[in-house]
Amino acid sequence: MREPPEDNLYSRNLPTGVTGIPRLAEWDAVVLVELPELAGEGLAEFELDVPADGPVAARAGARVPSEALERIAAELDTRIDRPYEARAVLSDGNRYTVGARTVRQGETIDLPPGLPASSIEVARAPDGERQTWVDGEPVEPADEELYASALELLERHGEEQFESFVARADKADGGRWNLTVDPL
Numbered sequence: 082m083r084e085p086p087e088d089n090l091y092s093r094n095l096p097t098g099v100t101g102i103p104r105l106a107e108w109d110a111v112v113l114v115e116l117p118e119l120a121g122e123g124l125a126e127f128e129l130d131v132p133a134d135g136p137v138a139a140r141a142g143a144r145v146p147s148e149a150l151e152r153i154a155a156e157l158d159t160r161i162d163r164p165y166e167a168r169a170v171l172s173d174g175n176r177y178t179v180g181a182r183t184v185r186q187g188e189t190i191d192l193p194p195g196l197p198a199s200s201i202e203v204a205r206a207p208d209g210e211r212q213t214w215v216d217g218e219p220v221e222p223a224d225e226e227l228y229a230s231a232l233e234l235l236e237r238h239g240e241e242q243f244e245s246f247v248a249r250a251d252k253a254d255g256g257r258w259n260l261t262v263d264p265l
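Residue numbers (the working numbering): 82 to 265.
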């Protein structure tokens, strides 16, 4: 008996376009923005957060004048709904290419005050296994008690929606946390 011919589409990695399979879009919107206030700053790239309401903020301590951030947001607002995150890369002279990606925001919750973290996650796999992370790192056994009540609250929110899930809380302004729950 002869073997069926090998399906080359699945047996090797072909470049985008050759197969007709489109490349996944990295950005939901891309704009070119003139930012003369950054002339001579030597700022090759920076990231920013544009919340649904509130001020636009540069990430990671980048010193970007608020006028420049607002100009970027105004241009992107014509193409994408808030909230979103964006990356600006110097293209030429004072022109920056800016790509933006929509950010899903869930409900805002309160977690115990004073937690030394900016993100907390709990995941429950379909087999019931539970994993926990703080700021992207697994929770150390010595820290389990510190985060126990926050992780229990996240797990309760996850259980209300899905049998297996990832529940994540990101620190927001005013000591509140933004909760998102996704199915696994």
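Note that these hints are calculated values from the structure, not bench results. These numbers were taken from a predicted model, which means no experiment stands behind them. A virtual CB, placed ideally from N, CA and C, is assigned to each residue, including glycine. Mixed in with the good hints, there may be bad ones.
What the hints assert, rightly or not - Here are the computed distance ranges between Cβ atoms for each label pair:
| # | residue 1 | residue 2 | range |
| --- | --- | --- | --- |
| 1 | 208 | 121 | 31 to 39 Å |
| 2 | 207 | 230 | 23 to 31 Å |
| 3 | 182 | 219 | 36 to 44 Å |
| 4 | 172 | 218 | 30 to 38 Å |
| 5 | 264 | 218 | 21 to 29 Å |
| 6 | 182 | 240 | 25 to 33 Å |
| 7 | 174 | 212 | 43 to 51 Å |
| 8 | 138 | 173 | 23 to 31 Å |
| 9 | 126 | 251 | 39 to 47 Å |
| 10 | 140 | 219 | 19 to 27 Å |
Do the hints match the structure? See the list:
1. 208 - 121: 31 to 39 Å: This hint is violated: roughly 57 Å between Cβ atoms.
2. 207 - 230: 23 to 31 Å: 26 Å, holds
3. 182 - 219: 36 to 44 Å: 27 Å, violated
4. 172 - 218: 30 to 38 Å: 35 Å, holds
5. 264 - 218: 21 to 29 Å: For residue 218 against residue 264, whose Cβ atoms are near 23 Å apart, the range 21 to 29 Å holds.
6. 182 - 240: 25 to 33 Å: 29 Å, holds
7. 174 - 212: 43 to 51 Å: Since residue 174 and residue 212 have Cβ atoms about 48 Å apart, the given range 43 to 51 Å holds.
8. 138 - 173: 23 to 31 Å: With Cβ atoms ~26 Å apart, the hint holds.
9. 126 - 251: 39 to 47 Å: Since residue 126 and residue 251 have Cβ atoms about 23 Å apart, the given range 39 to 47 Å is violated.
10. 140 - 219: 19 to 27 Å: 24 Å, holds
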